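Given the sequences, and given the hints that come with them, work out the whole structure.
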Amino acid sequence: MIQNVNDLINNINKQEKISLVANKYIFTSLLIIGNTSNIIGNGSTLMGPILICTDVIISNITFSNFENIISITSDCSVTFNDCTFLGNNENTAITLEKEFNSSINLENCMFSNFLSGISINENNTLSLLKNCSFQFCTTAIDKVVSNSSIKISSITNNFMFNSNDAIFLKFNESFHIEDYYNFCFELCSNNNYARIFGEVNNQTFDTACFYVDTLKELNSVLNTCSHCATVFLKDGMYELNEGIYTSGILIATSIHLIGINSPTLYKAQLNSIEYAITINTSNVIIENLKIDGGENYALRDGIHFEELGGLNIKIKNIDISRIARRGISVWGKDTCNCTISNCKFTYIKEQCAIYCFKNLFIYKCSFKNLKVALNCTANSSVTFEDNLFENIYCCLLNDNPSFNNIYQKNNIFNFVKNLFMLSEF
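Numbering of the sequence shown is given in full-length UniProt numbering, commencing with residue 1 and proceeding in unit increments.
Hints are computed from structural coordinates only; laboratory data are not their basis.
Only a predicted model underlies this, so the values are computations on that prediction, with no experimental measurement involved.
Please note that the accuracy of each hint is not assured.
Derived CB-CB ranges, DEER-like [to be verified]:
#1 Asn404 with Ser37: 52 to 62 Å
#2 Thr383 with Glu186: 18 to 28 Å
#3 Leu51 with Gln203: 32 to 42 Å
#4 Thr264 with Asp82: 40 to 50 Å
#5 Lys333 with Asn271: 25 to 35 Å
#6 Asp165 with Lys130: 17 to 27 Å
#7 Asn271 with Asn108: 50 to 60 Å
#8 Ile57 with Asn404: 49 to 59 Å
#9 Glu307 with Asn271: 20 to 30 Å
#10 Asn38 with Lys234: 45 to 55 Å
#11 Ile57 with Asn391: 53 to 63 Å
#12 Gln203 with Phe415: 29 to 39 Å
For glycine and all other residues, C-beta sits at the position ideal for the given N, C-alpha and C.
In structure tokens:
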């Protein structure tokens, strides 16, 4: 086993596997890792600059330096397990140098006091970031630029930053991906609603979180927030009345609206408000809410799409009841790739739980005590799977006589009088 810094310098590239005695190893000149493929630290601390230019797995080491700590080059794959990185609030822990096609994997690592934790740069890949934490870091991951690759499905962490201004991942205008909205939403959701920030084509994407406990405050945030903002509506009962809104809650910016403990939007009295939530844009996620029209069935629709809504709309875990016309009205000339999942619909008085104008996916929802569950237009395409239909006159009304626009699987039908009917709603 390596016992001191001289042993480390003399053996670092001569042995394929190195194991360190738990100690503090201080070096002032650059330590180059070029041949060793496995370094086990056993709780050691390395203090000094390091250059990695080979495939290597490094575990159980604390790294510290007043300058930038680790640089990675030469088309290599580097893995850090159970490592700690300590900075001085002005430096970077790990830099993947430009144009080297390197990749990095980190699991169970901790970064503390850095200007940036990891700089990706051109033609490099962040392949894995799992169960890591970033404390007192201005930005966890930066320099996500042209030809940087981020494996978003492999980046899952349950950490909290020490500042609301701290950014988990920052990308610039040269970073090109097919869907910035999905990139931001998925990274944010998979990492405890951490902040993703970027500016592309004069448009700002920012998943900064807002916590609101009044409809007036919700309205203010929806009118001013950036694309992909995360808005939390706190637990409680929220009455939709004309003193606060003239047309219910309007979502005209691509945001993620989340209810904490399923707060209720309700309307007790008849007035000019027709819809609890109106969507007039694309790329929106709404989840964990209850919508109640009250004893007077005072809401025309629970959620209503306007002409500009919506591409890539996801509605999850919404409980809609006592509505006059439609639970969710999926409308809009560009409606496409919309998903309704884990929602409950009861007591829709006049028409249907879900009205579908174009293509829609419905999964794991519950439809009970309804006249009609689904109503589809002739140019719509509906897939519904793993849903429960109970005590319903008609499961699905369709304008298409061939019914070739309907795809269903694994649904349960209890006390449904008519599974499918032609309609003229």
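Hints, one by one, checked against the model:
1. Here the CB-CB span from Asn404 to Ser37 is close to 57 Å, well matched to the stated 52 to 62 Å.
2. Roughly 21 Å separates the CB atoms of Thr383 and Glu186, a value that falls within the hinted 18 to 28 Å.
3. Taken as a hint, the range 32 to 42 Å holds for the pair Leu51 and Gln203, whose Cβ atoms sit roughly 38 Å apart.
4. For Thr264 and Asp82, the hinted distance range of 40 to 50 Å is satisfied, since their beta carbons lie about 45 Å from each other.
5. In this structure the hint that Lys333 and Asn271 lie 25 to 35 Å apart at CB holds, the actual value being about 29 Å.
6. Our hint of 17 to 27 Å for Asp165 and Lys130 holds, since their Cβ atoms are close to 25 Å apart.
7. Roughly 55 Å separates the CB atoms of Asn271 and Asn108, a value that falls within the hinted 50 to 60 Å.
8. Roughly 54 Å separates the CB atoms of Ile57 and Asn404, a value that falls within the hinted 49 to 59 Å.
9. A hinted range of 20 to 30 Å for the beta carbons of Glu307 and Asn271 is consistent with their spacing of about 24 Å.
10. A C-beta distance of roughly 49 Å is found between Asn38 and Lys234, which places it inside the suggested range of 45 to 55 Å.
11. As the Cβ distance of Ile57 to Asn391 is approximately 59 Å, the hint placing it in 53 to 63 Å holds.
12. At about 50 Å, the CB distance of Gln203 to Phe415 disagrees with the hint of 29 to 39 Å.
In summary, the one numbered hint that this structure violates is 12.
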